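K.L.:
So the sequence lines, in the order shown, correspond to chains A and B.
Heads up: the first sequence begins at 1 in UniProt numbering, then just goes up one per residue.
Heads up: the second sequence begins at 1 in UniProt numbering, then just goes up one per residue.
If you're looking for bench data, these hints aren't it; they were derived computationally from the structure.
On a predicted model such as this, the values are computed, not experimentally measured, just so you know.
Mixed in with the good hints, there may be bad ones.
[Claimed, not checked] On the chain A side, residues computed to face chain B include the following (Cβ under 8 angstroms): (1) T12; (2) G16; (3) R20; (4) D34; (5) Q37; (6) L102.
We put the CB at the ideal spot given by N, CA and C, even for glycine.
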Amino acid sequence: MAEATGFAEFATSRHGALFRYAYLLTSDRGLAEDLVQEALVKTYVGWHRLRDPNNAEAYTRRAITTTAIGWWRRKSWRAERPYDDVPDQPVGADDATARVWLWRELQKLPPRQRAALVLRYYEDLTEPQTAEILGCSVGTVKSQVSDALKKLRARLGSDVVLKAGITE
Amino acid sequence: MNDLLRDTLAERAAGTEPPPLDLDGIIAAGNHRAARRRTLGILGGAVATAAVAVGGASVLRPRNEQPQPARPGPFTQRRATFALGSEIHYGSEVISVAPHRVTAFVQTDAGFVFLSADNVIHVADRSGVRSTGKSAWSLTADHRGNLVAWVEGFNDRYESVVYDVAANRELVRTAIGNTIPPNVSLVYRSEVVAIDGDMAYFGTVDGPYRWDIRTNQGTRIAKVSTNAVRAVTAGQIVFQQPLEQRPPAVSLAIAETVSATAPARFSGQRAFLSPTAKYLMTEPEDALLGIEPGWASPALYDVATARQVGLPYAYDSLFFGQWLDDDRFVAAGKRRFSKAAETDLLVVTAATGTVKVAVPNFSRLTFSTTPPRIAPFALPTGRPIIDFY
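Looking at chain A on its own, in the form it has when it is part of the complex (with noise of 0.2 angstroms):
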């Protein structure tokens, strides 16, 4: 019961920004939510392991971030993916085109390259605590960001790379 209770308060309170994580690397609302749903459950059958909801929330994310790898190598989100890329809400006028450009030049990435941005960039995590969210070496993590940063300084172009700052 406490543990049930434990977990009911890591879920409530912490639902929200594993939701936006989860989105920010489907770039689909139905998917993260089924993503966030199968990792929860995930992380409550093994909360008596975890206990400590820091230990938790890296679990929960790394639940994200491996079941969403694997969906991606089975096809089987490419294959059924529905619909919804839009944000709930209107995106800002400033750097307006070039957010757009980037955000769906962002999910032609790689979904490894993809989740090792965001951990980066949006999380602010260190490159250890990337690396072991992401299962990887601190080698790996910046040999990720490296590539994926080529890609989309490659396909957006220097000058709205330039004007934006996407440098390494």
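For this one, chain A is given, so just place chain B on it according to the hints.
P.N.:
Relative to the frame of chain A, chain B by itself:
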């Protein structure tokens, strides 16, 4: 440095509002998964063979929370059962409910619950027949236990009810999700989709709700149509996929939670999962379809592999009745070449689709020319067999 990337991600994240958290669903799925792991662990041990042989499906079923009598109920055993006129044939035992005529019925461990021709709900056991004083269009029961559920209709709402047959009292009565909007014609009538252990699943006007019978609280599990969820057993939910599928909505998925991504691997309208969700039997809503698309035939699936199991050609109409255990179910089959529509009561082995005739020619699949056009016999699914057209 990398401001554009940070801004883009932050903007997108801020612009998407998280959906409501389905905490009950997550905990229910987690409990089920944990119980299944424990069960598999037990089954891996040396006692597994003996336990399965003795306990059958009940050993595999990881829950036993619903109210139970101190002793096993008098009708705990599932047998080849059907109702014809005023008699419920429970294996070789015949229970008379005269002067009532049974149009639909279900079995609970404590007794049979049936609808008479005027849709009044009655309970029949070895001590006799008693009326609950309530009425409904259909009944829902679990694979075992004493609970039955139904929906009562009023001018402005429906009420979902869960009733304990052994204790002779209502455990749940709620109108949640079931306000009938004024001046509308509803495509689907509300119903109780399933009782699964201590959870009831209500198909309401607002969508499906999972209701904890013990705490008498529940939440909507998805914002989908009234009949999007078709069955729930052992924590496995059968639902239409895509979720926005329009009638007849015959593509089905099975998962622990209702989601837009579960693959649609099955076909059918009505769904009947075996007690541990090992097999799925589906059938159309209508008893007799004039033009028969593929989904209009009854279909039997192995859930894990989605392999369709062939059903015997000798019967051109097959109606699901009840799971006897996780591997066998009772069905009524109309003989393909019978001009008199002779119908046999069958026991079907799910793994192979082979059948054994339990009661030959127990009735005929005929329908009156005036509504309600229902079959002369009923099977323990809680609904009459109806010819809509």
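K.L.:
Each hint: holds or not?
P.N.:
Verification of the hints:
1. T12: Holds: closest Cβ of chain B sits about 6 angstroms from T12 of chain A, inside 8 angstroms.
2. G16: 4 angstroms, holds
3. R20: Hint on R20 of chain A: holds, closest Cβ of chain B at ~4 angstroms, below 8 angstroms.
4. D34: 4 angstroms, holds
5. Q37: 5 angstroms, holds
6. L102: With Cβ-Cβ at 5 angstroms, under 8 angstroms, it holds.
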